[in-house]
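Asks: Between the sequences and the hints, there should be enough to build the whole structure, so can you do that?
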Amino acid sequence: MVILNEEEIVKTSPDSLAIRVFLKSLELIGGPKEIIIYRNLTWIPSLIQASYAVVLFEEFGKTQEEIAEYLGLTKQTVRNMLRANPELIKEKLEEEMKSKEVKVHTAGALARWAYEEIKKGNESINYLSGVLEQIQELFDIFWPSEVLRRIKGVHFPVKKDELKTILGNLKIENKTFNEISEFLPEEIKNPAHLLKEIKKSLKGE
870 MVILNEEEIV
880 KTSPDSLAIR
890 VFLKSLELIG
900 GPKEIIIYRN
910 LTWIPSLIQA
920 SYAVVLFEEF
930 GKTQEEIAEY
940 LGLTKQTVRN
950 MLRANPELIK
960 EKLEEEMKSK
970 EVKVHTAGAL
980 ARWAYEEIKK
990 GNESINYLSG
1000 VLEQIQELFD
1010 IFWPSEVLRR
1020 IKGVHFPVKK
1030 DELKTILGNL
1040 KIENKTFNEI
1050 SEFLPEEIKN
1060 PAHLLKEIKK
1070 SLKGE
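Residues 870 to 1074, numbered by this note's numbering, are exactly what the sequence shown covers, in order.
Keep in mind that the hints were calculated from the coordinates and are not lab data. There may be inaccurate statements among the hints.
Restraint-style ranges between C-beta atoms, simulated for each label pair [said to hold, decoys possible]:
| no. | residue 1 | residue 2 | range |
| --- | --- | --- | --- |
| 1 | Lys959 | Lys1028 | 40 to 48 Å |
| 2 | Lys1040 | Gly930 | 25 to 33 Å |
| 3 | Leu962 | Lys1028 | 37 to 45 Å |
The C-beta atom is built at its ideal place from N, Cα and C for all residues, glycine as well.
Replies: Structure representation (structure tokens):
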């Protein structure tokens, strides 16, 4: 097992670290298949948003207002994420996992817990590789994580046409990204914005 220490956590863009925090969150709750077992797919976007919120606040010194604008959330939602206590989720994790809809403070607490573990050096490259393999197996119903995996290294903001080149034939709930992209804005600000717009398109909003 290879472990990353704190010195290896390089501050570059929020995207790479936020995705690592998200993956660590999945590890803390038992892995992607644990979410599938509980049928809590609605947890995924919330965990990704919380991961970004924590990283932007802790690593990049962004204000709650700036984070809310970046993620397309309300300031109150961001505040609840950042104020969440990781110790409480550690005690009530199994109970929370049975909930169909993740609470804002639950997602925030998990992201903060994951961030703290990464800063301590408790991050396994082997685990990250393994979870991506699981996501590959499950991506028909686990599309947010597969989208994130495929856009790794993309510089945001990015034009829709560039994303079509990368994601074109990816199946998302029986549609290809090319089909969904017709309803997306011409420019995508960040990964969280992309997931939000895809979700809106799938709902016909």
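Asks: Look at each hint and say if it fits the structure.
Replies: Each hint tested on the structure:
The beta-carbon spacing between Lys959 and Lys1028, approximately 42 Å, falls within the hinted interval of 40 to 48 Å. In this structure, Lys1040 and Gly930 break the distance hint of 25 to 33 Å, their C-beta atoms being roughly 39 Å apart. The hinted range of 37 to 45 Å is satisfied by Leu962 and Lys1028, whose Cβ atoms lie roughly 40 Å apart.
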